[in-house]
Every structure is written in C-alpha cells, then in structure tokens.
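Peer 1: Chains A and B are the protein sequences, given in the same order. The opening position of the first sequence corresponds to residue 201 in the numbering used here, with each subsequent residue numbered one higher. The opening position of the second sequence corresponds to residue 414 in the numbering used here, with each subsequent residue numbered one higher.
None of these hints come from the bench; they were simulated from the model. Glycine included, each C-beta is placed from N, C-alpha and C at the ideal position. Mixed in with the good hints there might be a few duds.
Stated by the list, open to error - Across the chosen pairs, the derived CB separations fall in these ranges:
1. B:Leu431 <-> A:Asn289: 45 to 53 Å
2. A:Asp348 <-> B:Glu479: 53 to 61 Å
3. A:Ala376 <-> B:Ala470: 53 to 61 Å
4. A:His442 <-> B:Gly459: 25 to 33 Å
5. A:Ser224 <-> B:Gly427: 43 to 51 Å
6. B:Gly427 <-> A:Ala319: 46 to 54 Å
7. A:His442 <-> B:Gly437: 46 to 54 Å
8. B:Ala474 <-> A:Ala319: 54 to 62 Å
9. A:Thr392 <-> B:Gly427: 40 to 48 Å
10. A:Asn289 <-> B:Arg426: 34 to 42 Å
11. A:Asp348 <-> B:Trp465: 45 to 53 Å
12. A:Gly290 <-> B:Gly437: 29 to 37 Å
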Amino acid sequence: MTTPVAQYALQLGDDALILSQRLSEWCAHAPELEEDVALANLALDLLGQARTLLTYAGSLEGRGRSEDDLAFLRTEREFRNVLLVEQPNGDFAMTIARQLYFATYQYELYAALCESTDAELAGLAAKAVKEVAYHRDHAVQWTLRLGDGTEESRRRMQEGVDQLWPYTAELFEADAVALELAGSGAAVDPRTLRPAWEASVAEVIEAATLTMPSGDWQPRGGRAGKHTEAFGLLLGEMQALHRQFPGAAW
Amino acid sequence: MSTGLPLWEVFIRGRRGLSHQHVGSVHASDAEMALRNARDLYTRRGEGVSIWVVPAAQVSASSPDEKEPFFDPAADKTYRHPTFYRIPEGVKNL
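Can you make the complete structure from the sequences, with help from the hints?
Peer 2: This is the structure:
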C-alpha cells in the first residue's frame, strides 16, 4: 500500500529522471563542446535529484523496490512525470524553451518545498533549489541570446516556446496527491506556483523580444500515467541495458 | 564541433587569499556566457571561489623568438635569488 508522500516523491522523481534522460541525449551532439558539458551537468544534477526522490519513494511504499527497480523496471503507464519533460529535444532552441519552462517551475517548487513538514523532501529541496537556480539562469541566458539574436535564431526560439506552451498547464494542475499533502504542509499546492512562474517566464520572453504564447489546448495525463508517443522510445532506450542484463553494474 | 565563437582565457581563484590562476580556455559568445561555460568546465569539483574570463584576443604574449633577450639574462644572476640569507632559528614559513 503506497503512501501519498511516496506517490508525490515518485512524481517529482520521475520528472527529474525523464528530463535528465532527455538532456543526456545531447551528449556529443550539442552545438558547442562547452554546451555539451553544460547540458550534461544539468542532466547530472537532475539525475541526483531523481535518485534521492526515487529511493525515498521506494522506501516509503514498502515493497522493497530500489531506485533502480523504479527507474528501469516500470512500464510506461507506471511513470508519473509531466508530459513536458518527455517532449523530444527538437533543435537547440526547443530544448532551451523546455528548460526555461521547467527550470522556472522547479525553482518555484523547490523554493516552496524547502518549508515542507516532511524532513526528507525539505532536505532535498534545500539542496536542489541551488542547482535549479543555475538551470534557470542557463535557460534564461540562452533564451535572451537566441530570441534577440539573428532572424533565424529568433524564429526557432519563438517556435520552441510556442510548441511547448500547451504542456505547461499540466505543471500547475490541482493534482489529488499534491493537494492532499499540501493540506498537511508536506507538499506544495501546484496552483500556487503559477503566478510567480508566469511572471518570471513572461519577463524573459519579453526581454528576448519574443511573443508570449497563448492558446487553449492543454494536454495532460502524465501524472496519471498517460504519456505521449515519444515517451515509449525514451523508456526503451533508458531501460534496454538493465532489462537485457538485470542488475548490471559498472 | 563547429566553432565561430570567440575564445576566452579562464582564471580561477581556488581559495580566499590566493591569486587567480590560469586554468584553460573556453569558447563563448560573450563574457557572461564565458563565465558560465568556465563554471561548468573548470569548477565541477569545487575548485574555485572566483572566476575571471578575459578575451584571448586581448592577451599580449611574449614571442618565442624573443626568448633569448627576454629570459636568458636572468640565468646567471644568482644574486637575485634570496639564497644568501641565513634563516634565523624559529622562523617558520619562510
């Protein structure tokens, strides 16, 4: 029987894990060697957060599942990450747009979660908030340079923020698990994060001379295990080694 | 790996009290990005408390051709080395 805190840790842990996997796909493919290292650094920060969160979720649910069991042996429908983090990298501008949206969200989330009544979550948040502050800064710097850059970079950056915009609604959905825990002060009500997130994102988009996206289409379902088409391929790649050689270590 | 971006020389100060040391270089579009790239490349293991970046094009370097007039005259002037002093007993860290 899983607990609400275990479910919550799983949600946040899956977000970090899947985005980490996506970012690591850039390894050896980034536009510059320096950017290769920068993106890999972000991915490793997220992987560290995921390990803490999944280990915690595993210990709470009491089924003896380790972080590896949770990462490598669950199927698509068992993952609880939001749809935004699983979206394909696209071009560099698209990846930066995803980073801008998600790192700004994670920053607001972890900053609030530092006050959690759950000591483990508060501890993780206190450490991770510094990491994601840097992730946000990285995304902001690039958004400004691509948006206010050449005609081509501007077009791509606008396309990135436009295409991913619909997936941002899910970040602030009134999720049943989060709401239950927010009552006791263990989690953060996702809805409360939206004003600060939107103000922060809007400021960057405006400074980058881009147009703030809008639109009513709001895909959702990640928290319930309903994922987009690209997610299966991501999992296939992430889990292939562990499934072929169970318990493989190096 | 393309790179049309300018090169920056990176200097890191390891601890308070020490001076900045040259550690390498990075490519970046401007100074702010160079600082961030330097942070990612050279301070991953807690190496520093401060970073300087300098456009590599702004560094004036001595030329290998001038090596003799520049450096050789110092070779036989041993009196410039502080080796003729007797160190008083009890003095540490000299």
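Peer 1: Of the hints stated earlier, which fail here?
Peer 2: Hints 1, 2, 5, 6, 7 and 11 are the ones this structure does not satisfy, whereas the remaining hints hold.
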